[in-house]
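Participant: Take a look at the letters that make up each chain.
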Amino acid sequence: MSALIEVRGLSAWHGARQVLHDVQLAIEEHEILGVIGPAGAGKTTFLRSLNRMNDLDAGCRTQGVIAYQGIDLADRAIDTAALRRRFGMVFAVPVPLPGSIRQNLALGPALGGSKSGLEGRIESTLRAACLWDEVKDRLDMSAPSLSGGQQQRLCLARALMLEPEVLLLDEPCSGLDPISTSRIEDALQELKSHLTVVLVTNNVMQASRASDRVAFFNGGRLVECGATKQIFINPREKETHDYISGRFG
Amino acid sequence: MQPAANKHPLLRKRKRALEWLLEGTVLSSGYIVVAALILIFVFVGKEAVPLITSAEVHEEVSVGSMVAPTTGQVWQPVAEVPKYALLPLLIGTLKVTLVALLIALPLAVGAAIYTSEFAGRRTREIIKPVVELLAGIPSVVLGFFALMVLATWLQDSFNYRFRLNAISAGAGLALAVIPIVYTVAEDALSAVPQTFRDGALALGANRWQTAWRVVLPAAMPGVFAACVLGFGRAIGETMIVLMASGNAATMSWSPTDSFRSFSATIAAELGEVVNGSAHYHVLFFLGALLFVITFFLNLLGLWYVRRLRGRLEGRARAGGKG
Amino acid sequence: MSSRIRTASRMFVSLTGLAALIIVIMVVVILGNIAVNGWELLSWEFIAGNPRTGMTEGGIFPAIFGTVVLVLLMTLAVVPLGVAAAVWLHEYARQDSRFVQLVRLALQNLAGVPAIVFGLFGLGFFVQFTGGGIDQLFFGGTLTFAQPCILWASLTLAILTLPTVVVATEESLRAVPKIYREAAYALGATRWQVVWHVVLPNSLGGILTGTILAISRGAGEVAPIMFTGAAYFLPFLPGSLNDQFMELGYHIYVMTTQSPDVEATKPLLYSTVLVLLLLTFALNFTAVLIRAKVRRRMRSS
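Residue numbers (our numbering), protein chains in the order written: chain A, 1 to 249; chain B, 1 to 322; chain C, 1 to 301.
Just so you know, not all the hints are guaranteed correct.
Which residues of chain C face chain A? A partial, calculated answer using Cβ under 7 Å [stated by the list, open to error]:
#1 Ala175
#2 Ile179
#3 Tyr180
#4 Ala186
#5 Gly188
#6 Thr190
#7 Gln193
#8 Asn202
#9 Leu204
#10 Gly205
Hint data in this document are derived by calculation from the structure and do not stem from the laboratory.
Every residue, glycine too, gets a C-beta built ideally from N, C-alpha and C.
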């Protein structure tokens with residue numbers, strides 16, 4: 001089976017500083033790929049190049065090929081808005097937009113011009129994000145007044161409203177309590193059956209728990225990538241070993 | 001070339017008509033703003049040009065005859081032989097501007113220093129809204145007040161002959177100038193980093209010395225900007241001068257004589273002038289003159305504001321390193 | 001510290017304090033004078049009635065009506081354009097580009113152009129050029145729009161108040177957190193959709209502030225409308241865009257300077273001034289309240 005996304009020779013610069021060096025990486029369908037590495041390793045830049053969020057940063061420039069269904073996602077001709085609808089994203093900090101829970105969830109479909117079956121989808125995505133039971137009676141409550149963990153699950157649900165093919169998660173649990181974190185991890189295991197997840201995390205334990213394969217970045221380079229077990233038990237590179245055993249990062 | 005139908009959906013960009021229209025408005029708005037300023041210049045200037053180019057107008061008046069009239073320094077456009085001497089209007093404009101600035105600058109800059117350096121929070125929260133209130137009073141109301149109240153008070157106090165003169169109009173004009181000078185000066189003073197003050201105070205200076213020797217010099221370009229912008233406002237203000245000046249185009253520099261300014265002349269005469277007549281072009285010429293003068297005063301003011309910013313940032317950076 | 005320095009210091013502080021005090025007193029005196037003298041005649045008949053006996057008696061309803069219609073038309077023109085310009089400056093344009101700097105410079109200079117010059121411009125551009133053009137094209141040269149009227153007066157005011165709207169709107173756009181925009185982009189929004197669905201709804205307060213400030217400014221300006229549409233006295237209310245109109249500020253000017261017997265009309269005049277002041281202050285006050293609310297939200301987020 002060929003990979004869903006194949007990243008070839010991806011480099012990126014913030015201003016004059018190169019933050020990604022010639023990354024080669026394949027992402028398989030229906031897997032959870034954990035991306036780990038110390039701060040400043042280029043994990044987030046890598047993630048944001050997949051749905052072209054880097055385009056929004058005027059100082060950021062990328063180079064390389066991201067092959068997907070026979071096209072290059074790094075191509076200028078790509079409709080980035082449509083791309084981001086296929087590749088949903090959740091940020092490190094929860095970003096509920098002002099307005100109700102319902103309004104937050106309805107925004108994605110509204111932007112795409114689809115309004116049909118909204119209520120049903122709201123329930124199913126909230127269930128998928130393990131949030132339904134907590135908010136089912138108060139969908140018209142202001143989203144920013146939810147707790148941090150609930151906000152982040154709302155953001156996950158909001159991304160799922162797009163019915164994405166790929167889910168890009170940028171340290172989604174970095175500010176959350178352990179219970180919220182485990183809820184999100186549970187949700188991801190469920191979601192895996194019909195979509196592909198790229199999970200950037202600075203929590204090595206989370207990567208070992210939640211992902212099928214792990215990619216280790218350091219200093220803007222992809223050091224190694226392999227099955228989670230292999231990376232954690234028998235890493236090929238000493239750098240990887242040092243990182244996961246807590247020697248740095 | 002691939003046919004469009006075979007193209008991957010991610011390669012097909014769509015845009016809705018309404019979106020396209022609204023976005024087009026946004027994208028063109030910058031041009032409209034610039035165009036507005038240019039159009040003002042062009043359309044005021046256009047009607048002023050015949051004064052320089054038209055032979056027909058030259059039979060009655062030319063720029064030369066306005067600056068160096070042969071029929072005496074008189075402004076008398078509606079007469080057997082119309083007279084358009086510029087000097088009386090220039091004197092009037094400068095006279096009233098001078099009086100206004102003499103009143104407004106010390107008050108506004110003084111109050112700005114007091115607010116930013118000495119006043120407690122409570123006092124500051126009274127002064128600032130009061131100045132905003134003053135800024136919100138329409139100039140026609142200030143003109144009304146200057147005409148009905150100030151002029152009488154001033155005449156009673158100083159006992160001069162003409163009730164409406166450069167003192168009454170200048171005092172009214174000062175009311176219009178104070179808010180802009182105060183606001184810009186206060187902004188400049190507050191922009192001086194606290195570290196400057198702390199440094200001076202640590203060296204044993206008292207608050208007066210800190211304000212006078214450290215804060216004021218640092219904020220000087222901003223205070224200049226305030227004065228220049230105030231000057232621009234004063235020179236172009238119309239209603240106050242129109243209502244409280246007495247509207248006599250005299251050659252006197254005395255502040256107790258009635259006078260006439262450029263702006264008030266336009267306002268008073270344009271309503272009764274024949275379109276396209278020499279007088280009409282002369283009035284547009286005065287308008288163009290006002291536009292150009294205030295334009296350059298504005299540029300100068302903005303340049304000072306910029307210099308202040310550059311200076312404070314430069315110093316703060318140098319201070320950070322040291 | 002020597003006593004001389006202490007004395008000088010105290011004097012300097014007192015002088016600056018005195019300056020502040022004088023300004024406050026002046027404002028109190030002006031407002032007090034107008035309030036006290038204007039209060040007497042202020043009544044419903046005055047506000048809702050028509051002027052009588054050569055405007056020396058009766059009410060000022062036509063002037064109030066004219067002012068309201070004038071600023072309404074002005075708002076319709078200036079708010080879309082001003083908001084569009086602010087959106088372009090803050091959301092679309094590259095901040096370091098020369099053209100952006102040029103637009104900012106133009107706005108700052110526009111704010112400094114004397115009101116009377118706007119009057120000349122309105123006469124030359126709107127009344128004669130645009131109005132004349134419309135008459136040639138659509139009315140076969142019959143005088144319809146090539147004359148001073150409420151449409152041209154309001155458009156002239158719209159250009160005068162444009163910088164006010166742009167500045168207030170841009171301030172509120174700046175208050176919308178960048179991360180909101182990112183969230184919308186991540187949901188597949190186009191740049192326009194980000195503006196329309198996220199940025200503008202979250203900066204309504206600032207837009208409203210700008211609008212109100214523009215209205216309050218526009219309601220008080222006389223010089224720009226003297227030659228573009230305001231009339232001394234009209235027996236009828238403006239019914240179409242090319243009618244002339246009465247306006248509060250202009251009414252005050254006319255009554256103050258052209259009235260045959262100022263003493264007789266003085267009480268009436270004071271009340272008119274009070275009405276204009278109350279109108280502009282009420283608008284300004286609302287704007288200040290909204291702005292304070294917007295700033296608070298900006299700080300908390």
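Participant: Now tell me if each hint is right for this structure.
Facilitator: To see whether the hints hold, each was checked on the structure:
1. Ala175: 12 Å, violated
2. Ile179: 5 Å, holds
3. Tyr180: 6 Å, holds
4. Ala186: Interface hint status for Ala186/C: holds (4 Å vs cutoff 7 Å).
5. Gly188: 4 Å, holds
6. Thr190: 5 Å, holds
7. Gln193: 5 Å, holds
8. Asn202: 6 Å, holds
9. Leu204: 11 Å, violated
10. Gly205: 12 Å, violated
Consistency note: the structure conflicts with the earlier hints numbered 1, 9 and 10.
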